[in-house]
Amino acid sequence: MLSSLNRKLLRDVWRMRGQVLAIASVVAAAVATFVLALTAMRSLTDARDIYYERYRFANVFAQLKRAPEPVAERLRALRGVARVETRIQQFITIDMPDTIEPVRGLFTSLPASGEPVLNALFLRSGRMPSPDRPDELVLHEGFAEAHGIKPGASITAILNGKRRKLTVVGIALSPEFIYVIGPGELVPDNRRFGVGWMTREALAAAYDFKRAFNGVTIQTLRGASEPDVVARVDRVLAPFGGSGAYGRSDHISHAFIDSELNQLSTMASVIPPIFFLVSAFLLHIVISRLIQTEREQIGLLKAFGYTDREVGWHYIKFSLVVLAIGVALGWGLGAWFGRAITTMYSEYFRFPVLSYSASPDVFLLAAFLGSATAISGTLAATTAAMRLAPAVAMSPPAPTVYRETLLERFGLGAGLSAVGFMIVRHIARWPARSLATVTGVALAIGLLISTLQFFDSIDVMIDSFFFRTQKQDATIQFTELRSDDVRHDLSRLPGVLRAELRRVAIVRLRNGHLSQRTLIIGTDGDGTLTQQVSEGDRALGLPPEGLVLSDYLARQLSVKEGDRIQVEFLEERHLEVVSPVVRIASEFISSAAYMERTALNRLMQTPAVADSALLKTDTAAEASLFRAVKDAPGVLGTIANKQTVKTFRQLIDEHLGTTLTIYVLFASIIAVGVTYNSGRISFSERANELATLRVLGHHKREVAAILIGEIALLTAAAIPLGCLIGYGLSWTIITMFTTDLYRMPFGLLPKTYANASIAIVVATALSCIMVAWRVHRLDLVRVLKARE
Amino acid sequence: MLSEPALSSETAVRATAFRAIGLTKTYQMGETLVHALRGADLDVYRGEIVVLLGPSGSGKSTLLNILGGLDRATGGRLMFGDTDLTAANDRKLTEFRRRRVGFIFQFYNLIPSLTARENVTLVTDLVAQPMPADEALDLVGLKERADHFPAQLSGGEQQRVAVARAVAKRPEILLCDEPTGALDSATGIRVLQALADVNARIGTTTVLITHNVAIGAMGDRVIHFANGRVATIETNAKRADPAQLSW
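Protein chains in written order, with our numbering: chain A, 19 to 806; chain B, 218 to 464.
Hints may contain errors.
Ranges of calculated distance between the beta carbons of each label pair, as one might list FRET restraints [to be verified]:
1. A/Glu314 to B/Thr300: 36 to 42 Å
2. A/Val419 to B/Asp401: 33 to 39 Å
3. B/Thr300 to A/Leu784: 37 to 43 Å
4. A/Leu295 to B/His428: 40 to 46 Å
5. B/Arg316 to A/Ala358: 57 to 63 Å
6. B/Ala345 to A/Ile393: 53 to 59 Å
Pulled from the structure, derived: some chain B residues nowhere near chain A, Cβ distances all over 10 Å [to be verified]:
7. Gly247
8. Asp258
9. Asn282
10. Ala304
11. Glu312
12. Pro329
13. Pro367
14. Ala403
15. Ala417
16. Val430
17. Ile450
18. Glu451
Note that these hints are calculated values from the structure, not bench results.
Glycine included, every Cβ here is placed at the ideal spot set by N, Cα and C.
Using the sequences and the accompanying hints, generate a full structural model.
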């Protein structure tokens with residue numbers, strides 16, 4: 019049996035269903051962002067951890083030139099090492115008839131036993147290659163899907179300069195290639211980069227690696243220090259052309275998942291709190307105004323003998339009901355979007371199983387945060403209700419004292435009509451309330467701007483990377499180092515307008531105890547196809563000597579222009595030199611170091627050589643260029659910049675775009691929630707006044723204009739404040755989003771301010787329509803009968 | 218005072234402002250059907266002051282609302298001159314109120330954010346040839362307090378502002394629902410005085426609802442309402458000056 023007070027509660031909720039729903043959606047938006055970010059993160063983390071565990075993902079990796087197999091025993095004997103597996107890993111060119119450009123591949127050997135001890139394969143279909151069949155191949159699912167390859171099909175690959183027809187016998191996944199990205203690529207492109215596995219014997223025969231290896235994967239003992247193991251492995255492999263061992267954090271697939279998880283965790287820690295904060299604020303406004311309009315009822319309840327606590331609890335329960343609706347909605351929305359995002363991940367991150375894990379603790383935590391929000395938002399208002407004395411509550415509130423506004427005293431209200439005065443004085447009479455509404459709307463604008471800004475940031479990033487710093491149309495990667503004469507061959511290729519050579523060195527940079535494993539990219543000093551830019555987007559020329567560091571790298575190493583740092587070249591002889599940092603470049607994608615190529619070659623004590631070339635091409639001749647390159651000896655593959663921009667955009671649009679659209683949607687819900695509530699409350703507070711005007715003969719539209727005018731004026735005031743809040747929030751979020759791989763530029767475009775403002779104006783207009791509908795249905799007789 | 222049947226031969230020749238024939242009004246209140254008017258027949262003549270007396274729930278407020286175009290009758294006819302108000306739509310009723318009717322309520326219903334003068338201009342803005350706001354306030358003796366906000370005025374003053382607001386557009390009809398209900402007798406009399414003055418000066422047809430039998434004396438006619446219809450109509454030979462009233 020429901021008590022009368024509870025029945026009143028339920029009926030109040032029903033009576034105010036529009037407002038209840040509006041507030042509940044604000045809470046729902048906060049809960050949903052929290053649930054979606056956390057469950058997506060949890061799903062991804064769980065899938066990764068389980069995959070790593072079951073398929074024995076290694077923790078230390080190393081590449082080298084070539085070492086005889088017995089060296090493996092020395093590695094096994096190292097302190098902290100549990101398991102060692104050697105392998106042959108080769109970049110190869112695949113000739114795919116359905117792709118114009120040469121397609122690059124990375125083939126890894128499978129041990130003689132068939133199944134790798136570390137980084138085991140998950141066979142999606144087919145089987146592993148037979149030990150006695152050197153022409154059998156297992157392909158990674160991503161590449162196979164992109165080209166429609168099924169077990170039984172055959173492909174042509176160029177192994178060590180020889181064309182070989184290989185039969186695909188299986189399609190597989192590997193914990194090493196959850197995120198498959200070609201060297202030098204920014205985004206996965208399954209059509210142009212493929213991963214495959216062949217028997218050790220087959221690869222050894224093709225590359226003359228009998229009883230030798232060029233790659234090692236290591237599992238360390240639990241509790242062993244990874245940097246120590248890395249250092250020990252480096253010492254063993256140095257004489258064999260080891261290019262520096264590294265842990266998972268420098269493993270490209272792992273690093274990308276990590277960066278994604280970082281982003282998710284940032285989203286979970288930055289965006290939902292803002293949403294929760296805004297909804298607490300809104301609840302405060304709404305509940306306190308609701309209590310204001312209910313003061314007679316409160317007085318009555320107290321006159322009957324209900325205690326202050328009972329009355330207070332009644333209103334807290336009201337917020338809890340709103341909260342419960344909001345939490346339920348938020349759970350549903352959060353789980354739905356969380357599942358959608360997780361499904362989307364399975365396109366970029368290749369897991370055997372990536373299932374959505376709806377951990378109950380996340381949902382409970384969301385509910386807890388929601389309740390904390392609701393209670394903190396309503397506490398002040400309910401305390402006020404508890405404090406109302408029965409007699410005070412029963413008598414009508416003293417007539418509101420209005421005064422001339424400051425503006426009028428300065429004679430600025432001269433042109434105002436009576437309706438104009440009503441609007442202006444009402445706003446001025448309740449400055450705190452008006453300010454609260456303005457702040458609420460401004461927060462909604464701020465949320466919109468801070469979510470929309472990601473698109474701006476990406477635009478700036480793409481513009482800066484592809485159109486300012488990387489202006490080449492194509493990059494050609496050679497199979498081995500080539501002398502500078504290659505420039506001559508390149509310029510004879512069809513459609514090549516300009517060719518510049520490049521050399522990339524894997525290095526470890528050290529400044530005192532700080533060190534970073536990175537790349538030095540050497541390009542020609544007189545080159546025009548790439549350039550680094552300074553903070554203010556000014557082109558930085560390459561100095562004839564010394565390093566240009568990306569600003570991120572400079573921060574990590576704590577160096578500034580003019581400092582000298584240690585450079586260890588990880589390939590070849592482990593040369594160690596000291597080089598000055600001449601300039602700091604501003605970079606958003608990657609964090610590399612740059613040097614004039616001649617200077618780099620000199621430091622590396624090699625003649626003038628290059629490992630890749632940048633081309634400016636005639637777009638019309640692109641197809642014949644790619645055909646020519648495909649057949650050219652010594653070319654591993656090409657990267658077409660236009661294609662990269664396209665795939666990058668696609669990735670952003672599909673992936674980040676979806677996530678951001680969800681946030682923008684939630685921010686819009688908040689915007690509608692705020693504006694509708696302020697309009698609706700304003701309506702109930704002034705119903706009597708409005709009815710009087712209607713009785714006096716004002717038309718509906720004239721009466722609606724008073725409310726709409728007030729809402730419009732407050733919204734107009736909120737827009738500049740909202741833009742300011744948006745700027746601050748955006749800056750905070752961008753700062754928190756910086757990871758090793760991506761740094762987002764902060765570059766709010768005017769169109770984002772405009773779009774957010776337009777969205778708010780539309781939300782306000784919607785709310786105005788709802789208010790106008792109320793005015794339309796205003797029951798004059800009933801309103802006038804009620805005392806003010 | 219003479220007692221007479223509705224529609225006497227003497228009054229029938231005078232110009233009619235309202236003619237109500239068999240007005241009924243029912244509305245749903247929860248699960249019960251309330252008959253607020255059960256066939257009210259009534260004429261209101263131009264320029265007269267009619268006092269509607271009757272117990273709570275007798276239907277007098279419902280009638281006033283229908284006369285003023287705030288509400289529609291369920292059945293019967295209501296003519297205002299040649300206009301059939303029972304057939305008018307919402308827009309026409311608003312126009313009717315806007316051009317022809319002034320209202321005065323028990324709780325004044327002033328707009329608290331507007332000064333006395335602005336409360337008056339609020340309605341004078343609506344019509345073509347209104348009385349200047351200051352003149353209307355002068356009429357109720359409040360010219361000096363034109364720049365005061367409602368919260369700065371006493372109850373009687375607020376109600377006089379309401380009278381000024383109602384008469385400033387020179388309405389043909391003035392409808393007053395318990396205009397003295399919230400006031401003490403001295404203040405109430407000042408308000409009634411104002412109403413009588415307006416009627417005398419601009420000849421506004423005035424319908425006044427009250428519980429207070431004493432007020433009946435200031436009207437040309439007193440219509441007693443009971444059970445949703447007109448019970449009796451009394452005609453006063455001479456209207457009493459509100460100053461002589463007491464309760």
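Structure-based check of each hint:
Restraint check, A/Glu314 to B/Thr300: a C-beta distance of roughly 40 Å satisfies the suggested window 36 to 42 Å. A C-beta distance of roughly 23 Å is found between A/Val419 and B/Asp401, which places it outside the suggested range of 33 to 39 Å. For the pair B/Thr300 and A/Leu784, the supplied restraint of 37 to 43 Å holds, since their beta-carbon distance comes to about 39 Å. A/Leu295 and B/His428 have their C-beta atoms about 54 Å apart, which leaves the hinted 40 to 46 Å range violated.
As the Cβ distance of B/Arg316 to A/Ala358 is approximately 60 Å, the hint placing it in 57 to 63 Å holds. The hint said 53 to 59 Å for the Cβ distance between B/Ala345 and A/Ile393, and at roughly 57 Å that hint holds. For B/Gly247, the condition that its CB be more than 10 Å from all CB atoms of chain A holds, with the nearest at approximately 13 Å. With a least beta-carbon separation of about 22 Å from chain A, B/Asp258 lies farther than 10 Å from that chain, consistent with its non-interface assignment.
Interface exclusion of B/Asn282 from chain A breaks down, the closest Cβ pair being 5 Å apart, not more than 10 Å. Against chain A, the non-interface label of B/Ala304 holds: every CB pair exceeds 10 Å, the least being about 19 Å. Listed as a non-interface residue, B/Glu312 fails to keep its Cβ farther than 10 Å from every Cβ of chain A; the least gap is roughly 8 Å. With a minimum CB-CB distance of about 5 Å to chain A, B/Pro329 fails to clear the 10 Å threshold, and the non-interface call is violated.
Non-interface status of B/Pro367 relative to chain A is broken: a Cβ of that chain comes within 10 Å, the nearest being about 6 Å off. No beta-carbon of chain A is positioned within 10 Å of the beta-carbon of B/Ala403; the least distance is around 21 Å. Listed as a non-interface residue, B/Ala417 keeps its Cβ farther than 10 Å from every Cβ of chain A; the least gap is roughly 23 Å. Listed as outside the interface, B/Val430 is consistent with that label: its C-beta sits roughly 23 Å from the nearest C-beta of chain A, beyond the 10 Å cut-off.
Listed as outside the interface, B/Ile450 is consistent with that label: its C-beta sits roughly 25 Å from the nearest C-beta of chain A, beyond the 10 Å cut-off. Every CB of chain A is more than 10 Å from the CB of B/Glu451 (nearest about 28 Å), matching its label as outside the interface.
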